[in-house]
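Going down the list, the protein sequences come from chains S and H. Residue -13 is where the first sequence starts when you use the working numbering, and the numbers rise one by one after that. Residue 29 is where the second sequence starts when you use the working numbering, and the numbers rise one by one after that.
Just so you know, these hints were derived from the structure itself, not from any lab. Backbone N, C-alpha and C fix where the C-beta goes; we use that ideal spot for every residue, glycine too. Just so you know, not all the hints are guaranteed correct.
[Said to hold, decoys possible] Cβ pair distances, simulated, as ranges:
1. H/Thr210 / S/Leu207: 35 to 45 Å
2. S/Arg232 / H/Glu140: 51 to 61 Å
3. S/Ala134 / H/Pro218: 34 to 44 Å
4. H/Arg141 / S/Leu146: 47 to 57 Å
5. H/Arg141 / S/Gly147: 36 to 46 Å
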Amino acid sequence: MSPSPVTVRTITREEHLDFVAGRPSVSFLQTPAWAQVKAEWGSESVGWIDASGQVVGAALVLYRQVPKVRRYLAYLPEGPVLPWVDAGADLGAWLEPLAAHLKAKKAFGIRMGPPVVTRRWHAATVKAAVADPALGTLGEVPADVNDAAALAVADRLQDLGWRRLATEGGFSAGQPQYNFWLPLADADGTPRTEEQVLAGMNQLWRRNIRKAAKAGVDVTLGGRDDLEAFHRVYVETAERDHFTPRPLSYFLTMWDALTGEDPDRMRLYLAHHEGDLVAATTLVRVGTHAWYSYGASTSAKREVRGSNAVQWQMMRDALAAGATVYDLRGITDTLDPDDPHVGLIQFKVGTGGEAVEYLGEWDLPLNRPLYAAFTAYMRRRG
Amino acid sequence: MTFELHVDVERWRGHLKSAAERLPGLVPVIKGNGYGLGRDRLAAESAALGADTVAVGVYAEVPEALEAFDGDVMVLGPWRPFLDGAAVEQALADPRVVHTVGRVADVAALAERAPGARVVVEGETSMARHGFDRHELAAAVAALGGLEVVGFAAHLPMTGSNLAEAESWAAALEASQLETTTFYVSHLSPGELGQLRERRPGLTVRPRVGTSVWLGDLGALDVRAKVLDVHRISRGERVGYRQRAVTRDGYLLVISGGTSHGVGLEAPRSSAGVVQRGKTLAKGSLEAAGLMLSPFTVDGRQRWFAEPPHMHASQVLLPASATAPAVGDDVRCAVRFTTATFDRIVLD
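One chain only, chain H, in its complex shape (with noise of 0.2 Å):
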C-alpha cells in the first residue's frame, strides 16, 4: 500500500532558489507535518538556501528544528509561563531559540525565568491572534530586564493588500523605545515587501514565509495513489463497512490513501462568492444523502466515495461509462499538503 509524494526535485528546488531571491532576508516557517514534505528535509532545505534562521509554529517542534539545522530557530507562537515540558526547557536553554512575547506579564515572567533569552516582540495586528497592542510596547521595553530584542512581529491577515498596515507597524516600530531595527513581517508579496523596505530604509525587513515556498509550486509535486483493486459493481448492491447499497452499476475501486494520510480531512473553507457557497450547498445536500466527492482523480475526473474513507485507503465509485485502471496502477490525488502524510516521499 503505497500513498506518495513524487518530487520534481529540479524544478521544486529551482521555485525555492528563485522564492528565496524573490525574498531577501528569508526565514523560512517549518512547522506542523512540514507541509506534506516533512520537517527534517525543509531544515536541510533551508540550509542550503543559505537561511541563518527557520521559524517554527510551537515548542514541541524546537529539539527536532534545532537538531536539523544549524542557525538560529525562532518559536512563532508566544511563550506564555504556563508552557512546560522538556522541549520548552531545552528551548530556553539554548541561546540559538528565539522566543516571541506578546504581553507584558509574560515579557516579565520570561526576565526572570530565562534572563538573557533572546525575543522577538510581536505586535496584536488586525489578525488579532496574540501581540502587544501599540501603546504597550513602552511597558514591554521596561519590562524586558536581561532579554535581548532581536526583532519586531507583525502577523498580517492573508487578504487584499496589507501594506498599509505593514507600514503603520514599522512606523511604530521606528517611533516606540523598543531598540531594534529588524522587522519581520508575514503574508506581503514581494513587490509589497520591496516597497517597503524602499519606504522604511532603517529597517531591516524580514519575511516569514512558509505555504508560499514550499507549496509554491504545485506542479513540482505530484501525489500518487495506488489502485489496490477494482470490483465491478451493480446497482443495489451492498458495499464496505457500512454495507450502502449502491446506486449505478460501474466499478468500485480501492485505492491506498484514507484519513491517516489526510484523505477526507477538510478544514472549512473560506467561500468567497456566491457560486462557491453555492458549489457548498449542492455539495452539502450530497453529503446529506451520504455521498461526499473524493480527493481522487480517476480517468480525467474527481469520483466519489462508496463511503467515508477508512484508516489506509478508500473506496471509490467508478460509474460503468468510465474507464477503469487497472490493479497496480497510479491515480492521482489532491490533498491538503498542510493535513497530509505520505507513506513515501520520492525525490524524481
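With the rest of the complex left out, here is chain S (with noise of 0.2 Å):
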C-alpha cells in the first residue's frame, strides 16, 4: 500500500507525464494532452504528494463552467490515478485534500470515474445472456469475476459522501460504465499470441479475417495528412449509422496533442482495397492499454471487410508494442436483441474478450445549491 499522501496542489505538466510514465497504464483522458483535446474546458493537473515530496497520484482536472457564474464543475474522466483499492479504509485521506483544493479553486462540485474494474463477463456467458430472453441486462447476468475489494470502494465513497450517477443503459451520463476488453496477456501477465487472440475470437471475425486477406486488402498506418481522408470516410459512416460527426478540426487537435506527447500514442490505421480506402480506424495507446477510439468504413466494398483487416492489424500492433489490454470501449448494459445496441455487442463479443464493469460516475456537491441547480440544468438538457 502507498503511504497515505499529506497534501494535493496543482502539479507541472512534467511532473503529471512523469507520474503517468512511471505507471502500467493510466487513461488516455488522464493525460495532460486530453485537456488539449477539451481545450473549450478549463484544465489542471493535479498531484498528490507524499511526505518525502513524491508524486504518488495525479488527476486530470477538467473545469465546466456554470452559465453565467464563475463557478465550475471539476471534472476527472475515468480518474483520479489512485491506489483505490489498496488505499482501503483511507480513502478519505486521498480525496478529502482533493475536495479542499478544487474547492479553492472554485469548484462547485467534482465529477469522477474511479477507474476501478469491479465485475468481469466472458464473452461466452455474454453470448449466452444475448441468446437468452430471461436476462435484460448485464447487471443481470452472473459475473465470471467479482472483484469483493473494488465494490467495497462504492461502500466507502458512500460513506465519504460521494454519489453515484445513475446510468441509464450505460451510456447517458459521461463515460459508460461498461466497457469490452480484448484481453492481450493471461491473468498473470503473459502476453498472449497472435495465434491465441485469433483462437479466441469467434468463426465469423475469423472468417472476414480471412477474407480481407484473400481480397488483398492492404493495411498502412497513416499521417497527420490522412486524418482528411479518414474523416471523409468518418462522414460517410456517421450518415449511415445515424449519428453526429465530429469535425476534422478535432481530430486534428487529437493528434497533435496526443502525438505532441508521445508520438506513438496515436496512431491513424487505413485499409486499401485496389487503391480504394476502405475502412480508417484510430488507436490510442498509453503504456499497456490500447484503446480502439474511432473507426469508419465505406459503405461500398463491404465484402471486402476492411474493418475487420485494420481491427486485426491493430490488435497485433498493440500486442507487439507490449499492451496488455485492448480496449473496444464502452457498450451498454442492455441485451435486449430488440435494441439497436445489442449489434454493437455482438460485433465486440466476436473478439472473445470480456465485458468489463467500472465503478462509474461519482459526484461530490461542494456548494449544495449550486450543484443543485448545476444538475437540474443538467436534466434539462437531457
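Please assemble the complex out of the two chains, which come individually in their own frames, going by the hints.
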C-alpha cells in the first residue's frame, strides 16, 4: 500500500507526464494531452504528494463553467489515478484534500470516474445471455469475475458523501460504465500469441479476417495528412449509422495533442483495396492499454471486410507494443435483442474478449445550491 | 386427556398422490414438528410417493430422517462453519446428505472439512434470507474444490407470482459457471412450474414443497379435543388459576388441549387488508381486557377462553344461551399445524 498522502497541489505538465510514464497505464482521458483536446474546458494537473515530496497520485481536472457564474464543475474523466483498492479505509485521506483543493479553485462539485473494474463477464457468458430472453441487462447476468475489494470502494465513497450517478442503459451519463476488453495477456501477465488471440475469436471474425487477406486488403499507417481521408469515410459512416460526426478539426487537434505528448500515442490505420480506402480507424495507447477509439468504413466494398482487417492489424500492433488490453470501449448494459445497441455488443463479443464493469461516475457536491441548480440544468438539457 | 388428530387416510393419501403428480420431481419438505403429523410418518409417506429425496430444515433433523428414509436427505438451512454436534458430524460423514451453501467462505470451509460432500448452491432471492448474490457464483465455483454440486436452489417469497424471479434465477444458473442443470425451487404453483419447465427445457426443475403437500387438504385432517368437565357458572363467580370473575351466566368448559399442544400459541399474522387489521384491533382491545378467542368450536361457534390456556387443558366460557356439550364429547379445534402437538394421531 502506498503511504498516505499529505497534500494535494497543482503539478506541472512534466510532473504529470512523469507520473503517467511511471505507471503501467492510465486512461488517455487522464493524460495532460487530453486537456488540449478538450480546450473549451479549463484544466489543471493535480498531484498527491507524499511526505518525501514524491507524486503518488495524479489527476487531470477539467473545469466546466456554470452559465453566468464563475463557478465550475471539476470533472476527472476516468480518474483520478489513485491506489483505489489498496487505500482501503484510508480513501478519505486521499479524496478530502482533493475536495479542499478543488473548492479553493471555485469548484461547486466534483465528478469523477474511478478507473476501478468491479466485475467481468467472459464473451461466452455475454453471448449466452444475449440469447436468453430472461436476461435483459448485463447486471442480471452472473459475472465471471466479481472483485469484492473493488466493490467495497463504492461503500467507502458513499460513506464519504459521494453520490453514484445513475446510468440509463449505461450510456447516458459521461463515460460508459460497461466496456469491452480483449485481453492480450493472461491473468498472470504472460502475453498471448497472435494465434491465441485469433483462436479466441468467433468464426465470423476469423472468416472475415481471412476474407480480407484473400481479397488483398492492404492496411497501412497514416500520418496527420491522412486524417482528411479518414474523416471523409467517417462522415459517410456517420450518415449511415445515424450519429453526429465530429469535425475534422477535432481529429487534427487530437492528433497534435496526443502525438505531441508521445509520438506513438495515437495512430491512424488505413485499409485500402485496389487503391480505394475502404476502412480507417484510430488507435490510442498509453503504456500497456490500447484503445480502439474511432472507426469508419465505406458502404462500398463491404464484402472485402476492410474493417476486420484494420481491427486485426491494430490488435497485432498493440500486442507487439506490449499492450495487455485491447480496449473496444463502451457497450450498453442492455441484452435485449431488439435494442439497436445489441449489435454493437455482438460485434465486440465476437473478438472473444470480456465485458468489464467500472465503478461508474460519482459526484461530490461542494456547494449544494449550485450543485442542485447544475444537475437540474443538465437534466433539462437531456 | 386426549387432544387428537384424526386423519382421513384415504382422502389424505389421495391428496398426496395427486399433489405429487402435479409436482413432478417433488422433494417433500419434512421439518419442525412434521407439520403436526410427525416427521417419521411424513418420511414414510414420501417413500410411498416414490420421492428419491426429502428435505429437512436443520441438521438436528438429519439423523432421524436418514433412519426413516432410504433416499437422499437435503438440509434446507445452509451449512455454516460454526455448526457443531453429533448430528452435524453424522451429516458430514453420510454421502446421502446434501448440504446447502450460501457464502463463499462457507463453501471453502466445507470443501476443506468434508471434501467430496454433495451441495446445493443457493441464490439470494428477494426473500433476502440467505444465499449468494448472482455475481458471487463464479467465486463460489472457484471455492468448490472437491465438493459435488447437485443443484442450485432458489427459495422464493410466498406473495404474488414468483415466476419472473424464478426464471431470472434459472437464466442466471444457465449463464453461470455452475456445472449443474438441476434447479430446486419453492413457492411456485403447479402452473408456474409447468411454465418454467417449458421455458427452460435445459433444466430439471424440482419443487421443494411442505405445507401445500402435507396440509394441502385440511378437510382430511380433523382435530378433536375432549370435553373433560362442564361447570355451571354465574356472573361474578371467580374461576381458574387467576380467580378472575366471569361476566355472564353460563358454563365453564374444561377441554383437553393446552400450551403443550400448541393451543393458544400465536405467531404474528400477516394482516392483509383493512378489515383484517380492524379485526385484529377489535381483538386486541378484548385481549387488553384479558379475554382471548379460543380455537375451540362449541355449539357452532368459536368460544372465548376464561383465562390463558393451561399446559394440557383450557378453560373456555360458554354462554347460558348455548347448548352445553356432555363430558366425554369431542369438540373441534383449529390449530396452527406447524406449532401443534397431538397426544395421538389416529388414522381413520
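* Asked: Against the structure shown, which of the earlier numbered hints fail to hold, in ascending order?
  -> Hints 1 and 4 not satisfied by this model.
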